[in-house]
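With this note's numbering as the guide, the letters of the sequence shown map in order to residues 129 to 212.
Worth flagging that the hints you see were computed from the coordinates, not collected in a lab. Worth double-checking, as some hints may not be accurate.
As the list claims (entries may be wrong) - Label pairs and their in silico Cβ distance ranges:
1. ASP196 with PHE153: 49 to 55 Å
2. GLY200 with GLU138: 28 to 34 Å
3. MET129 with VAL171: 20 to 26 Å
4. VAL147 with ILE201: 47 to 53 Å
5. THR159 with PRO182: 28 to 34 Å
These numbers come from a predicted model, not from an experiment. The beta-carbon is built from N, C-alpha and C at its ideal position, and this holds for glycine as well.
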Amino acid sequence: MDFRGQHLAEKLYQIVIIVFAILAFLTGFYTQNIFYCLGVYAVGLALSLLIAVPNWPFFNRNPPKWLDEVSGIDPTPPAMSKFL
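Start from the sequences and build out the full structure, keeping to the hints where you can.
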């Protein structure tokens with residue numbers, strides 16, 4: 129997942145959780161049953177997990193561009209090279 133994909137995933141799960149929280153409250157208020165309220169909210173949590181957790185292809189539209197490797201440089205720090 130790239131950085132813009134992480135931002136999109138966070139926005140999507142926030143929207144899904146807020147919408148299902150409102151629906152859960154209205155369902156619980158209308159039916160006067162806490163189990164229906166919790167059930168609707170649990171469906172929203174499961175849906176948000178299904179949307180945000182897997183690495184879907186639309187989260188990878190903007191891959192980061194890494195710098196090229198610089199040749200001729202020793203990757204070990206100078207302080208550690210005498211111990212290796």
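Item checked: Hint numbers not upheld by this structure, sorted from lowest to highest -> 2
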